[in-house]
Amino acid sequence: MNRKKITLIALCLFYLFCGTGRAEEYVWRFDRDADAFNWKALNATSEKTADGFSLVRQGEPFWFVSPPNLNISSQLSYAEFRLKAPETYLRGYLVVKTRDGRSWEEEFTLGLPDTYHVYRINIQKGNRTGSPIDAVALTFGSVDRVFLDYVKIYEPSLDQLMGVYWGEFWSVPFASSTTVNFIETPLIGDYSFMAPLYVLLLFTAFCMVVLQRPLTRRSVVKSLLLSCVTAGALFAVRMDYAWYMQWRADRSSLGQRSFDERISAADGTGAYDFAQGLKKVIPLGSTVKIYAGILEGKVRYYLLPVKVSETAPYIAVFKDPAVSYDPIKKLLSRDHEIVARNIELVTAFGKDGILYRSSEAGHP
Amino acid sequence: MTIMMLAYALAVPAVTGFLFVTWCTRSDPEQSFFERLFLGFGIGTGMTTFEMFLLGLLRIPLNLVAISIVQIATAILLGYLLHRTGTPWRRIFGKEAGGPGGSPATGTRLHRVVVIILTAWILAKVLFVLYEGFFLPENTSDSWEHWSSGAKFFFYEKSLALDPANEHFFGSGYLKVQRYPLNVPLMQVWVSLCIGEANEVYMKAWNALFFIGMVGLMFFAVRRKTTLMTALLAAFFLSTVPLLTYHALIAYADLPLSAYALCTMVCFWSTIDALKSGRAGHARGQLVLMGTCAALCVWTKMEGLFFAAAFSASLALYYLVRKISFKQMMAFLAPLVLVSVSWYVFLLSIQVPVSYGEVKLLGATITKGIHFQALPVIAEQILFSANFNVIFSFLFLLIIVGYRKILQSDLAYLYAALLSIMAIFLVLYLGTDMYRWVMNLTAVNRNILTFIPMMYYVAALTAGGLLERETVTDRGWYR
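Chains as they are written, first to last, in my numbering: chain A, 2 to 365; chain B, 1114 to 1592.
Hints are not guaranteed to be accurate.
Derived DSS-like pairs: lysine-lysine, alpha-carbon spacing no greater than 30 Å straight-line [claimed, not checked]:
1) Lys1289/B <-> Lys320/A
2) Lys290/A <-> Lys1440/B
3) Lys281/A <-> Lys1271/B
4) Lys1289/B <-> Lys280/A
None of these hints come from the bench; they were simulated from the model.
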């Protein structure tokens, strides 16, 4: 046997012994009735349509919970599920509960809308006590409808793990890429993709130096600089791919929407819609006082040209649970402290926003 | 109508700035039409907002007519001055492109393919930025909170609200930090005045245009000194900086600051070039531009002061070594002093504190110890985060392999300015409470972003010199 054949056989044996797929895995396919009925939908109804099994939100919180007492070995490291949603820019969570009573959540960001995507989450990292998994649940944030194909918990083989890393490397975090402070760094396993890029840079430089004869200082410098350019170009491919996907997401999610709908979607908190509603009710030139918790600045911004004032006759409350209204005494309190008297309710905007009017100038 | 007025809002500052740059560089046939246009866009925008600030101080209502009159009068004056100095039309609008090295048509097949791919990629990136810039509304809370909220308020107020009886005196309650310079908010006010509404999308379109202007300026400024391939690579890599791209889609002030810093660097190199070749008149014009760009750094963000200090120090070094005239130094300092003094005297006059309340003086906090814990975080961000591409490793490598040539050439002055800025930030991070903003990653990457385009420019000039030594000895950075 020549050396090539021996190497080939050794590689095949290595591949086989590394395992091409462990036997233990838990799979729920929701096109089968039994699996779909085993899971419990909280505040949602399930439907079977031509597009597959779907869950429709009916209230808060919107969860889909696995059967209890699963007793899944903590050695199974990945949860994988395939779903599609009509929205993007939103986060969902996989909640994992172990037998020792611990639970934690792992975040995932939705991919392009109306397309099935496979999401893989390492559930071993959060399992600090190594206890068997008792149950898992999916929570869908503010998504109204999701189509779910399957959920799988498994220990990937080497080639599956490579596939997982490859998928993670190319995944684009649409929802979390909204900070001015940094860009999410793609990972390969637990490491920044910059680390293998530097290794590649040095390897390329070495190859160039070896190939370029004669070996001079200039050829070494040229090789190093060209390797940097190559590494930079590979970096650009990965990172500009993310912008390309961002463009696709924006085009498909917002392309057909009106100007107001785009702002409302980009806002994502309801503050814009609330402010638009207020502007229709509050007379021109009048002022308003806002209680909106952490969204106060945003409502104030969207509300312009209606300005805020400490002595405003109108009081707008938006998503602020600390504010309470006593209709009998006509008092408005915040953290049990009276902030305005002689208050009357003007109108409500959905369940989160209310506009009051005070007949007392300069309250209180 | 909105589109026409938007075009007007963007074109007026661009034309004024272009004429100003052309007037300052009228004796230099080297700078191409597009280089002057990209340089002029930023300068013209800054001039517009500073004029708006002055109008606001004079209690003249901020409206389209008043600002347009000042802008158009400035443009007419500059046009007249160009005409009076006998500058031919061909000089003003001629493209005058070109630099060392042959055209792509004469290169190898691989060379031509690479040129086509790079050009297509840059154009795709420009189209992406334009699409997102003119389509997506403002969606980053940091951005609207710090820069757009005050702009919207000034737009509806039609003034800087300097009446002491006003409950929202100088944007109080809307300008989150009143000591932040007004360049970015007033850019947004100007667009809003032109289109007649505070439009959440168009108000922030400036950053997309600054991004494109920066990439364009990088290409044309580098092309003047090195080959087409080096210039294209510089523009390409700058356009692929992820954090810069993200900032092109929002309205934060770090991107305009980085654009003005790049403009200052380009003008500094043109100044050195002019002085080296004995064109004193042209050098004075470039120094005026350099001073204007440094002034606009100050007018854009508080960190702009660091850039002004670093460039002033580097120019002072050049002044001491090469003995440039005092008049030339004044050409740099005059715009810088005019803008900086006006802004900070104004802040003091309305009793707005100009420093962060919680940050102690450097000497006082340094006695508490140096915050060395910030160093690994900074190293991780510049080497292993996906914010900046591999520019830090690349520039480090260039300095290692080319340090002798750099020290022997005038590029050392550009490096002095760049390293001074890095040193200022590092001293602040290690010596003051600002280290917290490194540890929680709130400011460190944005601060680095402000000098990233300068790094690409210096790297392109250095790499161009190292790789193309044979072809550029007559025009490049070798002496």
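To see whether the hints hold, each was checked on the structure:
no.	hint	result
1	Lys1289/B <-> Lys320/A	holds, 22 Å
2	Lys290/A <-> Lys1440/B	violated, 56 Å
3	Lys281/A <-> Lys1271/B	holds, 22 Å
4	Lys1289/B <-> Lys280/A	holds, 23 Å
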